[in-house]
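Protein chains: 2
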Amino acid sequence: MKKVDWEKADAMCDKLSAEQDVLVREIVTQISEKWTLWTMSVLARAGAPMRFSRVMEEVEGISQKSLTKTLRQLERGGLVTREVFAEVPPRVEYKITKLGEELLVQLHPMWLWTVTNVKRFEAARLKYAGNGRKNPWTRARVSR
Amino acid sequence: MKKVDWEKADAMCDKLSAEQDVLVREIVTQISEKWTLWTMSVLARAGAPMRFSRVMEEVEGISQKSLTKTLRQLERGGLVTREVFAEVPPRVEYKITKLGEELLVQLHPMWLWTVTNVKRFEAARLKYAGNGRKNPWTRARVSR
DNA sequence: CTTCATAGTTACCTCCAGGTAAGTACACGC
DNA sequence: GCGTGTACTTACCTGGAGGTAACTATGAAG
Numbered sequence: 001m002k003k004v005d006w007e008k009a010d011a012m013c014d015k016l017s018a019e020q021d022v023l024v025r026e027i028v029t030q031i032s033e034k035w036t037l038w039t040m041s042v043l044a045r046a047g048a049p050m051r052f053s054r055v056m057e058e059v060e061g062i063s064q065k066s067l068t069k070t071l072r073q074l075e076r077g078g079l080v081t082r083e084v085f086a087e088v089p090p091r092v093e094y095k096i097t098k099l100g101e102e103l104l105v106q107l108h109p110m111w112l113w114t115v116t117n118v119k120r121f122e123a124a125r126l127k128y129a130g131n132g133r134k135n136p137w138t139r140a141r142v143s144r
Numbered sequence: 001m002k003k004v005d006w007e008k009a010d011a012m013c014d015k016l017s018a019e020q021d022v023l024v025r026e027i028v029t030q031i032s033e034k035w036t037l038w039t040m041s042v043l044a045r046a047g048a049p050m051r052f053s054r055v056m057e058e059v060e061g062i063s064q065k066s067l068t069k070t071l072r073q074l075e076r077g078g079l080v081t082r083e084v085f086a087e088v089p090p091r092v093e094y095k096i097t098k099l100g101e102e103l104l105v106q107l108h109p110m111w112l113w114t115v116t117n118v119k120r121f122e123a124a125r126l127k128y129a130g131n132g133r134k135n136p137w138t139r140a141r142v143s144r
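For the record, the sequence lines run as chains A and B.
Under the numbering used here, the first residue of the first sequence is numbered 1, with each subsequent residue one higher.
Under the numbering used here, the first residue of the second sequence is numbered 1, with each subsequent residue one higher.
Don't take every hint at face value.
Identical copies look the same in the list; a pair holds intra-copy or inter-copy alike.
Cross-link-like lysine-lysine pairs, in silico, DSS-like; alpha carbons within 25 Å at most [to be verified]: (1) K65 / K119; (2) K3 / K119; (3) K69 / K2; (4) K69 / K95; (5) K15 / K69; (6) K34 / K98.
It is worth saying that the hints were derived from the structure and are not from the lab.
Build the full structure now, drawing on both the sequences and the hints.
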């Protein structure tokens, strides 16, 4: 089995400035928010600029407020671009950036792995359900 | 640049049962929780069983309550094992599973990529800060 | 004068993650 | 009989994510 090279990981972390460290955490935090990945993948699949209302149709269930917030954060992080057209009614187009697409490419293997290994997770669940899970001291009868 | 094969991804999703679909979401949700990855990586680095209190020392800042919850979820998902020893005071040992280690291996490339590309994110932030960001209709003067 | 379409913003509310602090059970050493 | 060590559980509290619904600006069409 492949292993994680923790030494190398640590070495890379040490090279980061305090601000960069914060930035990495922010990025990770952001992509773990409710609608972020879904929104990005919608934009990535389209490949072309999309209007706000169009994105909202594709990301089923999202509210205007959340979509605005999500897109703003993605723009701020350089993962999507936002272009405003001076028209009435307003037209605003969003498009995924190269950086954004690359991020998705990085994420994809792990998503794939998860899906292909669902059965192992299912098995673990079943096994867990069978355990009687008690506090340790409820069976503490033997001393050290 | 590498691209994501959306067709294949969709095809894989279609093969999942409704329960499996829920499960995948749960897994992803769980690993995006505050302490999950940190806790897992501590266990993975150790490679050996660790007591509750020892884990708590390594995962700086976590509360007892959160550690308990995190470990329970990891156990339920089959990512760590939990072994209770019938002693007083109690001894409980946690250890990462093969499944858990594999998950970390999947995640690592993306983490590495993020760290090596911080500068691009920094640049995006700076650029964003420079934009005057207004409502679209504040400059809507030209009709379509 | 009203309606429509678009892309927001804002006020208000609810839910839940997660923190703090105290309690619990047990045997041992003093 | 009191403190100590361990692995929890429980009650209480706070902040923030995210939902709903109403409001905003603008020009064209009716």
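Identical-chain pair category, K34 with K98, by Cα at 25 Å: Intra 22 Å, inter 28 Å, cutoff 25 Å: intra-copy only.
Alpha-carbon proximity context of K65 and K119, limit 25 Å: neither (37 Å within a copy, 30 Å between copies)
Status of K119 relative to K3 across identical chains (alpha carbons, at most 25 Å): Result: close within a single copy only, 22 Å intra versus 27 Å inter.
Alpha-carbon proximity context of K69 and K95, limit 25 Å: Answer is within: at 16 Å inside a copy they meet the 25 Å cutoff, but 39 Å across does not.
Intra- versus inter-subunit Cα pairing at 25 Å for K15 with K69: For K15 and K69, the Cα distance exceeds 25 Å both inside one copy (32 Å) and across copies (33 Å).
Copy assignment of K69 with K2, given that the CA separation must stay at most 25 Å: neither (38 Å within a copy, 29 Å between copies)
The structure does not agree with the numbered hints 1, 3 and 5 stated previously, though it agrees with the rest.
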